[in-house]
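K.L.:
Protein chains in written order, with this note's numbering: chain A, 1 to 291; chain B, 1 to 291; chain C, 1 to 291; chain D, 1 to 291.
Keep in mind that the hints are not guaranteed to be accurate.
Unchecked claim - The list that follows gives simulated cross-link-like pairs (lysine to any residue, SDA-like), each with its CA atoms no further than 25 Å apart:
| # | chain 1 | residue 1 | chain 2 | residue 2 |
| --- | --- | --- | --- | --- |
| 1 | C | K41 | A | G268 |
| 2 | B | K36 | D | A148 |
| 3 | C | K42 | C | G26 |
| 4 | A | K42 | A | G268 |
| 5 | C | K96 | C | N114 |
| 6 | C | K211 | A | L232 |
If you're looking for bench data, these hints aren't it; they were derived computationally from the structure.
Protein chains: 4
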Amino acid sequence: MKENKISIIGGDLRIVKLIEILSHDGYSVFTYGLEKAENLKKDEKIVGDLSLEEVIASSRIIIAPIPFSSNGIQINTPFSDEKIAIEELISQIKNKIFIAGSIKLEIKEKLEQNGNMVIDLMQREELAVLNTVSTAEGAIQIAIEQTARTIHGSKVLVMGFGRVGKILAHMLEGIGANVYCEARKNTDIAWIKAYGYQAIYLNELEKHLDKFDVIINTIPSMILDEKRLDRLKEDCLIIDLASNPGGVDMKQAKQKGIKVIWALSLPGKVAPITSAEFIKETLYNIFQEVS
Amino acid sequence: MKENKISIIGGDLRIVKLIEILSHDGYSVFTYGLEKAENLKKDEKIVGDLSLEEVIASSRIIIAPIPFSSNGIQINTPFSDEKIAIEELISQIKNKIFIAGSIKLEIKEKLEQNGNMVIDLMQREELAVLNTVSTAEGAIQIAIEQTARTIHGSKVLVMGFGRVGKILAHMLEGIGANVYCEARKNTDIAWIKAYGYQAIYLNELEKHLDKFDVIINTIPSMILDEKRLDRLKEDCLIIDLASNPGGVDMKQAKQKGIKVIWALSLPGKVAPITSAEFIKETLYNIFQEVS
Amino acid sequence: MKENKISIIGGDLRIVKLIEILSHDGYSVFTYGLEKAENLKKDEKIVGDLSLEEVIASSRIIIAPIPFSSNGIQINTPFSDEKIAIEELISQIKNKIFIAGSIKLEIKEKLEQNGNMVIDLMQREELAVLNTVSTAEGAIQIAIEQTARTIHGSKVLVMGFGRVGKILAHMLEGIGANVYCEARKNTDIAWIKAYGYQAIYLNELEKHLDKFDVIINTIPSMILDEKRLDRLKEDCLIIDLASNPGGVDMKQAKQKGIKVIWALSLPGKVAPITSAEFIKETLYNIFQEVS
Amino acid sequence: MKENKISIIGGDLRIVKLIEILSHDGYSVFTYGLEKAENLKKDEKIVGDLSLEEVIASSRIIIAPIPFSSNGIQINTPFSDEKIAIEELISQIKNKIFIAGSIKLEIKEKLEQNGNMVIDLMQREELAVLNTVSTAEGAIQIAIEQTARTIHGSKVLVMGFGRVGKILAHMLEGIGANVYCEARKNTDIAWIKAYGYQAIYLNELEKHLDKFDVIINTIPSMILDEKRLDRLKEDCLIIDLASNPGGVDMKQAKQKGIKVIWALSLPGKVAPITSAEFIKETLYNIFQEVS
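Model the full assembly from the supplied sequences, consistent with the hints where possible.
P.N.:
Encoded structure:
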């Protein structure tokens with residue numbers, strides 16, 4: 001894709017950082033709904049004083065918030081006092097490449113009916129992989145902070161050997177934890193052994209539970225139920241990275257006095273600049289594909 | 001699977017080691033075509049003096065060589081003076097669980113027609129994953145041996161980020177190489193970055209080729225052709241782990257004086273005991289599945 | 001040393017955890033100045049209701065706080081409402097093995113005049129080495145928390161390759177940082193290279209300073225003066241682990257808007273249980289030596 | 001030191017590679033006793049056709065072999081047909097900076113009496129540290145080659161936590177071994193734990209000996225005597241890196257059928273180019289110091 005103009009409407013700190021990177025890489029960036037991002041005003045290649053219509057008209061690529069909306073009515077604009085209604089916005093966008101995060105199906109369909117190509121960043125595999133780095137690091141920070149032991153030398157269980165599990169185990173090993181990984185499939189167990197961690201089949205989890213100092217869950221399914229919680233050491237810390245409903249019976253954990261930290265959306269919180277760089281890489285991949 | 005008897009016919013050093021492990025784990029093992037494996041004679045639980053018919057009749061599970069046959073006529077029996085014809089063997093096997101490696105389709109079909117369940121170990125994903133460890137270690141041994149530099153501090157390119165590529169990169173990093181990984185897909189590039197290696201897209205490989213001290217190829221497709229070979233440092237070592245036809249233009253490499261080591265089937269050569277243990281784990285998974 | 005009785009007077013959370021460990025290992029522990037440590041009351045082998053005189057009389061080994069005193073008048077007793085004057089305490093201790101942390105010379109001499117063997121835990125080399133683990137982990141927590149990037153992929157400079165520098169570099173590498181280490185001596189530079197980090201001589205530091213995302217200082221001498229601070233990236237984070245006066249011109253850093261975290265005594269804060277275990281190991285070494 | 005001329009007399013492949021590097025770095029190099037090193041003839045900045053007297057006269061710095069002599073009569077000149085007697089050589093060298101490896105005391109004194117500054121490369125701490133990398137890698141190659149298991153997952157004991165022990169443990173860990181380190185001093189044990197390896201005190205070695213797949217010794221003292229050899233697994237591999245007399249009772253090991261590889265001088269064998277680079281770094285440090 002040869003174009004060098006990008007329009008950006010709303011978004012959080014990651015989007016602000018993304019705009020700085022895009023401008024630095026030579027793109028002309030037209031912004032709306034970001035007037036409180038002071039840093040952007042210092043850069044002449046970033047245009048911030050146009051109307052919404054003008055910003056939309058300025059380029060073929062429209063980048064909207066990640067996630068697009070939290071309340072289903074307006075898009076997310078934490079760097080603006082303005083409320084931008086979803087319906088009003090999308091009715092104006094036609095024949096564009098529209099990029100945002102977590103776009104609802106009905107919105108996607110409406111945009112496509114108006115001739116737009118719609119790309120949801122949250123469904124890009126490479127971005128999900130890159131984000132595991134920030135998630136893993138955030139989890140490690142929590143583990144250091146919330147325990148009275150060093151992670152080095154602690155027994156840490158990672159539940160689930162998917163994307164986050166793989167990178168988390170790799171980093172935990174790197175700072176000296178004794179890493180155990182739980183999985184169900186023979187192939188995952190083989191990978192866990194090939195990487196040098198202790199492998200535990202889900203159906204044998206019970207008999208291992210009393211040895212862990214920290215358990216980090218990545219599986220969005222209720223694994224740590226009442227019965228399993230009963231097996232934990234009393235000062236075992238649980239960090240749950242799984243999205244709703246999580247993998248821990250929170251009510252039971254509370255009753256038993258087990259500390260559980262439910263940590264979601266770590267990348268944006270832990271490392272907004274790195275997240276912006278990962279979004280940029282994904283964008284450039286998208287630009288290559290649609291060219 | 002409750003049975004504790006296993007019949008084993010032919011096979012190499014890995015099979016001999018496997019028999020020792022199975023016996024140690026409590027199985028009664030009946031062997032044929034392994035009479036020159038001296039160690040097996042010391043163990044009373046291993047029965048080695050029966051006829052082929054008797055061995056087949058002794059248990060429901062038949063384990064045959066890995067690979068099953070090299071010449072398509074007889075099965076592989078390096079620990080025996082006896083030649084066992086494939087046709088003759090398989091005509092006797094009925095209603096068994098038959099396990100071997102690299103079984104040709106027509107043989108598999110004949111066995112199935114006789115009521116056997118046929119399992120090819122070489123098509124088990126978990127064994128392929130576990131074997132990457134031995135392959136990676138063998139490649140590292142070659143790299144240390146065949147270069148005049150330490151791998152520590154050398155620039156090493158791993159071509160392909162599949163099973164072997166992943167574990168190889170992990171180990172190379174572990175002994176201090178500067179690891180570069182080549183891939184084509186955006187997702188693989190993201191994984192390479194998430195693990196902390198230098199990522200190189202195949203279409204940008206050319207401009208990086210002159211910096212590597214060692215290149216290890218895992219892709220069974222001609223990547224290092226004449227044009228790319230021209231870009232290499234004169235003392236760059238190439239190790240090709242890809243099965244036929246390999247990924248290197250061997251003729252051109254020879255003409256240019258570039259050292260290429262084509263290293264196949266490393267697990268059995270580098271680490272027969274570990275290979276036997278991996279086969280055992282895979283067997284036990286199989287036993288669970290067919291129970 | 002055959003004795004199995006230990007008297008412990010005052011001390012912080014590490015001492016409380018140490019008492020639990022000692023009791024668990026079979027020692028009878030007599031405590032004074034720790035009445036607010038609730039956990040200790042649950043264990044019958046820990047005696048907490050004696051007078052100071054009785055506690056001193058109960059065993060040949062006296063363990064006092066680490067550090068012994070913060071104000072030079074009373075010993076540190078955060079788990080007690082009682083103030084224990086140094087003079088009063090040490091006048092009562094005779095012919096004992098007296099163990100504490102950071103004991104002033106004059107106090108040491110007085111104790112020795114009363115026939116005590118005096119051992120300062122803070123001067124035990126093995127404890128200093130073990131504590132580097134907690135210090136390094138604490139520094140990594142701060143680095144993750146206080147930057148908008150992931151440490152993975154960041155350029156991190158460790159200044160000084162002494163005890164803390166060595167373990168810090170090791171762990172930073174483990175979570176994927178690009179690790180640079182600064183040193184003055186040729187031998188240290190050789191070690192840095194042998195471990196696989198980027199080595200920078202102090203006298204060449206200047207020309208590298210503009211590339212770091214994080215700088216962690218372990219040298220108690222003013223290295224980051226005004227001139228060097230001017231070379232840093234504007235969002236570079238400095239973590240100073242060096243004890244007074246530290247290695248950073250704090251006033252200049254503040255004026256230039258550079259974020260500096262001065263982090264002292266991390267082991268007790270980050271990982272009191274691990275610290276207690278390290279103290280225990282050191283104690284047992286001492287017991288061996290004095291037996 | 002501003003001079004840019006270096007005279008080099010005799011030496012092995014490392015010296016040949018060193019000459020190439022020095023020439024590449026801009027030095028004029030005058031050689032004698034290296035006429036069979038073909039590569040050197042291609043480089044015009046390397047002068048190879050002078051007499052011994054002329055070579056000595058050509059520069060202030062004389063580099064002689066590493067080690068200087070193997071038989072005490074002539075210097076080592078594997079790349080020459082000429083025999084150069086030590087006495088004859090050193091009588092001609094006056095008021096120079098004389099650099100070689102393993103120089104006997106009496107030779108050193110004679111050279112100093114003639115006004116030479118004498119530097120023994122083998123006594124340079126930084127070179128010893130750098131060389132640990134090659135030694136460790138060579139040991140790992142042997143371990144992969146001489147065992148029927150992968151090092152990954154094997155239990156490997158490193159005896160001695162000095163220079164080689166430290167880097168060897170680091171690399172073994174890196175390729176996935178279960179690393180145990182033996183030491184005597186509390187401080188070394190603390191370092192071993194801080195780096196995350198299993199620590200074993202020498203006086204508790206006996207009870208651990210039956211679990212190791214590989215033992216690598218770095219201590220030049222008879223640790224593995226008959227009694228300890230009796231405790232080993234029958235297929236345990238011993239690699240002895242300690243210089244004469246080594247740390248293994250070779251006769252007893254042979255009788256018991258235990259495989260011992262006595263591997264000396266690995267750096268020059270495993271990685272002559274890297275060794276040459278390490279010598280170069282050390283030379284440049286020397287040049288700085290004598291300037």
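K.L.:
Can you name, in rising order, the numbers of the hints this structure does not satisfy?
P.N.:
Per hint list: 1 and 6 violated.
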